[in-house]
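Two independent chains are provided; combine them into the complex using the hints.
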Amino acid sequence: MTFDLARIRKQIEQAPLSAPLPVDLGTAAVSDLWRLANLAPADDKYWRQWARANWPNFAQQLGMLAHFLAISDLRVASVAALRAGRASAAEVLPQFLDRVQPLTGEMVRANVFRQEEFLRRWAEALQGQIEGETPVDSARRLQSLDYRKTLAELHEAEEARKREFNARAQALKEAAERDAAARGWRE
Amino acid sequence: MSSPVAAPARLRHDYDYLAALTPGVLNSARLLAELMPADETQARAALAPRLDILRGQMLASPFWLRRMIDHGLAPRDLRTLDDLLHFPATSRADLRDFGPEMPELDPSSEAARQSVLVKSSGSSGEPVGVFKDLADCVHMWAVLRFWLGALGLALPDQPRVTLLCALPGGLEYESRLPTLNNGWLVRISTVRQNPLARLIASDPQVLFTDPAGLHWLAGQAQAPRPKLILTSAQHCPEDLRQLLAQRTGAIVLDYYSTTETGAIAWRCPRDPSQWHVLTPEIWVEQVQQELVVTRLRQSLLPIVRYRTGDAGRVCFGRCQCGRTGWSITDFTGRRACWFSAPNGGKADAWQLAWLFKYHNLSDFRLTQQGAQSFQLELAGDCTELSALLAKLQGALRNMGWPEPQIDAIRVARIDQRGDKPEPFRCTRAPAP
Chain L
7 MTFDLARIRK
17 QIEQAPLSAP
27 LPVDLGTAAV
37 SDLWRLANLA
47 PADDKYWRQW
57 ARANWPNFAQ
67 QLGMLAHFLA
77 ISDLRVASVA
87 ALRAGRASAA
97 EVLPQFLDRV
107 QPLTGEMVRA
117 NVFRQEEFLR
127 RWAEALQGQI
137 EGETPVDSAR
147 RLQSLDYRKT
157 LAELHEAEEA
167 RKREFNARAQ
177 ALKEAAERDA
187 AARGWRE
Chain H
945 MSSPVAAPAR
955 LRHDYDYLAA
965 LTPGVLNSAR
975 LLAELMPADE
985 TQARAALAPR
995 LDILRGQMLA
1005 SPFWLRRMID
1015 HGLAPRDLRT
1025 LDDLLHFPAT
1035 SRADLRDFGP
1045 EMPELDPSSE
1055 AARQSVLVKS
1065 SGSSGEPVGV
1075 FKDLADCVHM
1085 WAVLRFWLGA
1095 LGLALPDQPR
1105 VTLLCALPGG
1115 LEYESRLPTL
1125 NNGWLVRIST
1135 VRQNPLARLI
1145 ASDPQVLFTD
1155 PAGLHWLAGQ
1165 AQAPRPKLIL
1175 TSAQHCPEDL
1185 RQLLAQRTGA
1195 IVLDYYSTTE
1205 TGAIAWRCPR
1215 DPSQWHVLTP
1225 EIWVEQVQQE
1235 LVVTRLRQSL
1245 LPIVRYRTGD
1255 AGRVCFGRCQ
1265 CGRTGWSITD
1275 FTGRRACWFS
1285 APNGGKADAW
1295 QLAWLFKYHN
1305 LSDFRLTQQG
1315 AQSFQLELAG
1325 DCTELSALLA
1335 KLQGALRNMG
1345 WPEPQIDAIR
1355 VARIDQRGDK
1365 PEPFRCTRAP
1375 AP
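Residue numbers (our numbering), protein chains in the order written: chain L, 7 to 193; chain H, 945 to 1376.
Hint data in this document are derived by calculation from the structure and do not stem from the laboratory.
The beta-carbon is built from N, C-alpha and C at its ideal position, and this holds for glycine as well.
Please note that the accuracy of each hint is not assured.
[To be verified] One-sided and incomplete, this derived list gives chain L residues near chain H with beta-carbon spacing under 8 Å:
1) R115
2) V118
3) A163
4) R184
With the rest of the complex left out, here is chain H (with noise of 0.2 Å):
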C-alpha cells in the first residue's frame, strides 16, 4: 500500500455559491432531455440557435479573435452546423499553447473570481490546463440528472455519490452537493487502507468510477449497492461492465468524457455499440475517422471543434433504446487493443491497465510482440521493475498466457502516433 503523493483538497464549504447553481443545473438536465426531431435535417435546425451562444464566447475570446482574423471569418458567418465545418479545428496542442488566450473571460466579473484553472488528468495523453467556471465545475450534476431519468432512476432526498479513485494520489474529501438533492459526495482512493470498508460504509446510490476502479472492485469480496455506476476515463470491457452489473444490481453506465469538454456521449445499455451524443449541449463531427467535439452551452471556454484523437462514426437514426439522436458508432477512442491470445481468441489488453496505475500513460507502452513474448518500455521512473514484472506475469497468465516472456526496457520516451499515448499495442501478425 502506497502512502498518498496528492496534496489534500482545499473545498470550500460555504456551500451557497453551490446551491445558486442549482436552476442551471436543473435547465442543463432539462435541455438534455428533450426529444430530437425524427428527421435529421430538421433536427439539425433545432441546434442551430445555441450557435448563438459560440458566436458570442469567440468574440469575446481573444485566441478566437486573433484566428478569425487570421482565417477571414467572422462570427457571423456561424449560422448552421454546416458552415461549423469551415472554422479552424483546435486541438490539445492549441490548449497547451494559447490556453490562457482562449477563456471569455472579464478579469473584473464575479465569474472570473470563480472561476478554475485546472490540468487535465493527462489519461489522454499530456497534461493540458483547462479553464473552468463555475458552471463546468457543477456540469456532471446535470448530466447525472439527465441519465438517471433516462434510466427510470430516483434518487432520494440527500443522496449519497461515491467517487471510487484508483489513481496513485490516495486523494480523499467528502462535500456537499447542493445541486443534487443536498446530497453528499465522498472520495474514496484504493490507494488509502482499508477502501473497501470505507466504500461499503458509504452506502452509496451512485458510484463513479474508471475500469481501473471496476477491475478493484471486481476483486473484492463485497460490493456495495448502488443503483448505478457511472465509469468512464478509458476503455470498459464489456464483460468487466456486466460482470459489475451482476454483482452489484447496479446499471453500469459507461460514459465518454474529457476533460477539456465535459461529458461528450454515454453508451446505450440496450446497445453497447452506441454512444448517444449529449445533444442539444455537446455537438460531435466525424471528421475522417477522428471525433471532433463542439459545445454549445454556455462557458467561459468556448469548445469550437475541438479534436479529442479518439476515433469513430457519427450517425444519426433511432437506437433500439427509443432515443432518436446522433450516436458514435465503431468508437475506438482510449486506444482499444486488444491482444492474441494463445487459445486463438483476443483479450483485452486495456484489462492490465490497474497494474500501471502509478505510470503517466505516455511513459509506458506494453507490446504483444509474438505468442508469448511481450516487449514492456518505460519512461518514467519506476523503483519498484521487479514487482511490476512479477504483477504482470502474474496478470498475463490469469489471461490465459501460460509462460509469458516480458522484456523489460528503458527508453528516453515513448513515440507515439498523434496526441494521445498508446500504452497497449499488439505488432504481432493475427493468426491465419
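For reference, chain L alone in the conformation it holds in the complex (with noise of 0.2 Å):
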C-alpha cells in the first residue's frame, strides 16, 4: 500500500493550527484505525505500558499522529496498509514509537524534516511503500532523516568542541590581538 506523501504534507500544511490533542483522544484516534481495517486494536495494557515505556515523547507524538491522521489521507492510507498487512498495534506502535523517540511534538509540528521524518517512519511500521519511489530510495532517505543518529553525532562533536573549549577561547584571544594586523580593509 502508497502513502502518498506529497500529497499528505500539502494537507497537513494548508490544515489550520490545532493544539495538539490530548493522549486519550489520541488512543482513540490510532485505534480507530486497527478498527476501520477490521483488525482488533490494542488493550487498555498495552496502551498502559506504552505510556509508562521510556518514550518520553510519547504523549506529544500521539496527540501530533492523531492530528494528522484527521486532517491528511494519512488515515485512508494508514488503514489500506493495515488491511494489507494485517499487522497487528502490538507490532507496529512500539516499533513507530522506539524509532521517531527523540521527536519532539513542536518538531514534527513546525520542522519540515522532522515532519517528515515522522511520516515516513510511520508508513515504515505499516509496511507502506511511498508513492513514486522504490523501497531502496525510501530506505536511503529515511536514512538520512534519522534523528536519533543525528542528535548522537551533534552530542559527540559538541562534546569534542567543549573538550577545546580553553584552547580555542586562548585561539580567539590571538586572533583579536592580530586585529590591528588586518585593519586597513574595508569592506
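So this is what it looks like as C-alpha cells:
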C-alpha cells in the first residue's frame, strides 16, 4: 500500500493550526485505524505499558499522529496498509515509537524535516511504500533523516568542542590581538 | 585638518604566507566568472553541491551545533537551496552575543594561528567582532580579479592599488600584494596632510574608496587616472558615480559588501538598477523585503542566512549586460534617503555623509521636517558643533536650500528601527 507523502504533507501544511490532541483522544484515533481495517485494536494494557515506556515524547507524538490522521489522507493510507499487512498494534506502535523517540511534538509540527521523518517512519511501521519511490530510495531517505543518529553525532561533536574550550578561547584571544594586522581593509 | 587617531597598522612583512594563498584566490576568481545556467532550476541545482561546504562548517561550529540541536536540524537536512529556508536566520545580534562560538576552529591548527578577529567599521550599525581566516582576508583580491575580467580590464605586473579613506582615524600604510600580480597597496587618508598630492603620486590602476571618498575627490582640482574605481560601504548617488567616471576616465563600480559577509553583489555598469550577486560563492534570499545572505565558500566562519538589514528584491534573469543569474533590484540598503528640495525635486541626503565622517552613524541623525527646516540629533561627543552646523548650512545651500534652518539637539541615544542606524531621514510630507 502506498502513502502519497507529497499530498499528505501538503494537506498538513494547509490545515489550520490546532492544539495537540490529548492522549486519550490520540489513543482513540489511532485505535480506530485497526477497527476500520477490521482488526483488533491494542487493549488498554498495552497502552498503559507504552505510556510508561522510555518514550519521553509519547504523548506529544500520539497527539500529532492523531492530528495528522484527522486532517489528511494519512488515515486512509494507514487503514489500507493495515488491511493489506494485517499487522497488530503491538507490532506497529513500539517499533514506530522507538524510531521516532527523540522527535518532540513541536519538531513534528513545525520542522519540515522531522515531520517528513515522522510520516515516513509511520509508513515504514505499517509496511507501506512511499508513492513514486523505490523501497531502496525510501530507506536511503530515512537513513538521511534519522534524527536519532544525527542527535548522537551532534552531541559527540559538541562534547569535542567543549573539550577544546580553553584552547579555543586562547586562539580567539590571539586572533583579536592580531586585529591591528588585519585592519586597513574596508568592505 | 585633524590629527590621526588610529593606531599605526602592524603589517606583517613576511609576504610568503600570502603568496601561498594565490592559487585559492585564482580559483575563486575563476569560479565567480563561471556562467550560470540560463534556467533558474538548473542554476539552483548547480549551486546545491556547494551546500556541502556549509554542512561541514556547521558541524564544526559550536554555535551551529547548539542551534541545530535546539531546532531539531541536521547538517544532512541541507540538500537543496530550498532546504536552507528551513534553517534559522542569523543576525547581527547573534554575532554580537555568540560571535566567539561561531567559527569552525581547530585551536591547534595553523589556520587558527593565522586568523584574526576584526571589528566591523560600524557603518552598518554597532561594530561587531568578525572572525576572518587568511583566505577571508585576501578574498577581495579574488573578487577584484573577477571584476577586472568581467569589465575587460587588464592589470600590468606589479599593479598599484590605492585605498582612499575618508574615515577619521587617519590610518595609512603600504603593503605588497602577492595575490595580485605582486602589486602594491597604498592606503591614503584624506585626514592627513596633502592627500591629493600623495594620491596623484601613487598613480593607481585601481582605486578603492567609498562615497565619502568620491565626494572628496569630486571637490579636488586634480584627479588620478585609474582604470577602475570601486566604491562601497554607503549609498553612492548615481550622479556622483557618473561625475567621477567622467573626470577620471575610469569605470566606477559600486559594490555591496559587509565586513561580516565579504562582497555580496556588484552594481551592473550597463543597468544600474541591477546588483549582480557574486554566485556561486554568495547566495542571497529575499525574506519579506530583507536581503539574507549565505556564504557558499570555504571559511572558518560559517555565514548562514545572515540578515543584512538591507532591503531589496532578488530575481533571476538575463541582464542587458549579458550576464545570467541572480540580481538584487530595488536595493535600498544603506538606508537611502531623499530630502524634498525647494524646487520640487529630491536630493540624496547621503551627499552630506562626508560632513559627519567623525561621527559613528548611530550617533547622529539629520531629519528634514519642513521645507527649510531640519533637525540634527547628536548622541556622541561633538566638540565643534558650531563649525559642523556652519558646514552643514553651507552644504544644504549648495544643494538648493536658500535658508536652511537647523535645530541641533543633544540626545542620550538615537532610537533606530532594526539593527541599522538611519542617519538621514525625511519626515516631511511629499509635496502634493
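The hints, checked one at a time:
no. : hint : verdict
1   : R115 : violated (11 Å)
2   : V118 : holds (5 Å)
3   : A163 : holds (6 Å)
4   : R184 : holds (4 Å)
Checked against the numbered hints given earlier, this structure breaks only hint 1.
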